[in-house]
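Trainee: Residue strings, one per chain:
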Amino acid sequence: MEFLGLVNYALFMAIFIAIYALLALGLNIQWGFAGLFNAGIAGFFAVGAYTSAILTTEAVDGRIGGFDLHFVIGWIGAMIAAALVAWPIGKICLRFRSDYLAIASIGIAEIIRLVIKSEPALTNGARGIPGIPRPMSDIGYMESQVAYLIIVLAVLIAAYVLVERQFNAPWGRMMRAIRDNEDAAKAMGKDVEFRRLEAFIFGAALMGLGGALFAHFNRSITPEAIDPMVATFLVWIMLILGGSGNNRGAILGAAVVWIIWSVSEIATDRLPHEYAIQAKYIRLFLIGLMLQLVLRFRPEGLLPEPLRGDQRSAKGGADH
Amino acid sequence: MDLFELLNFYVIPGIVLGSIYALGAVGITLIFAILRYAHLAHGDLATLGAFIALAVVTTLGVSPLAALPVAIIATAAVAVGIDKVFYDHLRERPKIVTVMASLGIALMIRAVVQVVWGVDTETYSRGIVRPENYFGLRIRDREIYTVIAMLALVGVLHVFLTQSKWGKAMRAMSDNPNLALLSGIDNRKVIVLTWVIAGGLCAASGFFLGLNTELKSMMGWHMLLPMFAAAILGGVGRVEGAVLGGLIVGIAEELSVLVIPSEYKAAMAFAILLFMLLVRPTGLLKGKVL
Amino acid sequence: MKTKLLTLAAGLMTATALATVPAKADVKIGLIGGVSGPIAAMAPAMIDAAQLAVQQVNEQGGIGDGEKLVGVVGDSACNPQGGTDAATKAVNIEGVAGIVGPHCSGAVLAAAGSVTIPAGVTLVTPSGTSPEITNLEDNDSVFRTVPSDDYQGRALARTLKDMGYGKVAVAYLNNDYGTGLANAFKTEYVDALGGEITQFAAHEEGKASYRSNLAELAKGGADTLVIFDYGDGTGLTILRQALENGFFEKFVGGDGMKSDAVINELGAENLANFVSSSPVGEKSDSLDIFNEAFKGVGGDPDAIFANTSYDAAFLLALALEKTGGRKEGVGAALREVSNGEGEAIRPGEWQKAKELIAAGTAIDYKGAAGDHNFDAKGDVPGTFALFEVGADGFEVVSEMN
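Residue numbers (our numbering), protein chains in the order written: chain A, 1 to 320; chain B, 1001 to 1290; chain C, 2001 to 2401.
Rather than coming from a laboratory, the hints here were simulated on the basis of the structure.
None of these values were measured; they are calculated from a predicted model.
The reader is advised that the hints may include incorrect statements.
[To be verified] With a straight-line cut-off of 27 Å between C-alpha atoms, the simulated BS3-like cross-links for lysine-lysine are:
#1 Lys2219(C) - Lys2250(C)
#2 Lys91(A) - Lys190(A)
#3 Lys186(A) - Lys1095(B)
#4 Lys91(A) - Lys1095(B)
#5 Lys2167(C) - Lys2250(C)
#6 Lys1168(B) - Lys1084(B)
#7 Lys1165(B) - Lys1084(B)
#8 Lys2250(C) - Lys2161(C)
#9 Lys91(A) - Lys1165(B)
Just chain A, same shape as in the assembly:
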């Protein structure tokens, strides 16, 4: 193995981690700070990815779009579209508490996935949309990965700084107050429903942006990418493992989980040649086992939510 190969692999992982970190950050706004159990990440991811794909690809007969716009417009469009989809969903569903919201949002995400798979006029159906432009792609392999990583990192850092600032601002304190004690917050005159909706929409917009970054990186988006396992549950594992309520935790969680996910394959490839296929199943077993171990020894996450003032007793808003 060449050194350059390792660098390329590391670059690839870094890009993936940054994209998933955006999703985890979005989820952290919803779950970590507002206590909203959104299990429909895949839906917003899909809306963002497909919106950007439709806006930036060239026109094709038989489906809408192909507006051939600049990728930045596509990404902004992805955030707006995800937020617009989140608005009515939040309006209707945020009244459900915790696990009910989870099952409702997972259902909506599945319905979105079925629509995307089944409506060729909108999304090219099951075939997906290829030919999505990737910025700075006409330079060499490694150079283009570096360029894309820089773009993705810039987006991630911008998102992190904005979110972090909000969390430490009065807005963040208010959100935590609503999460930890809704009645008290209401009594203080906070508009709980509106604030929840706000958090839900912001989180969804970040997820949409993550979807768009993913689609442009692969230059294509197909319905397989929005399978609940890889687009919803994986992000949840990242956030819980990294530490919900902590933005750095969300990013670290994305890194750790993706590294486990990806590197475990190389590790299990060391099994004898005859077991090359079984090794892939064993890999999934190891991923599950690693998850158990981390949860066993760090159930509060790798980077727990920082204790701010008097909220020692109020971790993890779902514990009703």
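Once you've looked at the hints, dock chains B and C against the given chain A.
Mentor: Coordinates of chains B and C only, in the frame set by chain A:
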């Protein structure tokens, strides 16, 4: 379309499918009510149960129905073991941590099934079974077994929960855990019992899915979301509700092709669920509010 | 804990780095497939078939000066996330000179777009049937040994019309494979040939019952059901429930339905009225040679896409022989070893091919699943035959054109 066609090709398959969902949903609803988290490994546990039955059928050569009790007992034991090794020490933690742990367990169980039994599609018995004709109703014998077994298992469970000491303890835990603990109910025994029941029913659910169609390593995972929809639809913590929810989801899925394109069949369970959550957030039979 | 984990990750990486220092002059190819995920039941046979080609190459002299060909298995999980991850590892960690796979079209599009095209590694997919793959801007580095859905759907439509099938109903899996075949079939059967399709409906995979779907499909009075699905997945469930309830008399499948699972689980005696199409070589015994060889290593030749996987690996090996094991120029070499001109090479004839290449003679690979004369887009037109279920598994009924 005449009545018999409606019954034969839409309602009866729906009832059979609904019975399979119901068996899984009862376990989900009990875990929800007593342990208070969503158990995402439920589908894969059902797969494991189905494959254990397959192992019994192929090694001993007995009929599939004879293998069912073995599968139920073995899967119940596995469920208790998983709880002891992986979930038990997370009990005092936020429930979301256990939900994530169960996701990892789902991956692990599936990996075990794939390594032990391979990934080929299997059946309990080769060939096809054409339905019998009962006064115009076309039913296969295994469909009758499925519905009867579901009713019998749930009936026994119902009697257990309402009549026996431990059943009452379980209901008490579900209704008010603090009060139940104060009144001297042994928390750990209740939890073990919950897992025995949930694991056993799970195996039955996987077994009947396999009996009516085929066994595949992903079969349980595909059933997970409809089973959750059924449990919530019926009202969390309500065993009869889970049965009702399962049947409604099953029949609605089958009937849905009459009105919507068949590629949207899978959306039906969620559409019903969303509608129900809006008009009646506690489920059809008044369940717990989590 | 954080540091512990990082150390662990770093440790794993280092261990891997040490372990993967390649033995001198091995030539590696990536065998990337959906080992986990929705097509988990199909992937092992496909990978085994590709490994058979690798084994034959090594038994008959290897690449170049007896360098060993090594197939490195990767798991694409049938989704873009897994596909790009596996391709990146194959290209960068293993240093493969070419890739057979990924198996699913979505993974092919993503892996090609973000990894193999930029890295200049050639990819031959044995089962990515989506028409979108045709139009990739790939610098001649994306090929496939399975015909695009378009060809097969149309060929099947013409054959059915010739054989006198009348009204048919079509059930297809709602993914790129099923949709592609079904739409091509519909276009040809209805628009070009004036046939009648009474019902045309997609279904989701993994449901336990399709009887209501079948009841809907049966409305309109068609006696034939055309199924575009996988015979070891949902297609089996549909075929079973259709047979059990007597919704249709005759059944037709695409290549995905030509699966041993159908015979094993339903029994040959119940499948007298079931035919399926599958790509084969034009008037050659290549398929038989492959079938024998694959049986010899314990494989089942009726497994879906096993022959296309074998061909993909064998073609890639031939191209690598031409380029001396380097990834550069594999695309051009693939065209040279299979363009319809030159001495015919059939499956397993590695030694002969090697000698001919060394002598500078043009060769032409006649594969188990077709002649694979790549067109300008890297697609193969494909020739098909219709199979029925006989005493010893699938048997050819007629050529299709």
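Trainee: Please flag the earlier hints that this structure goes against, numbers listed from lowest up.
Mentor: Violated hint: only 9; rest satisfied.
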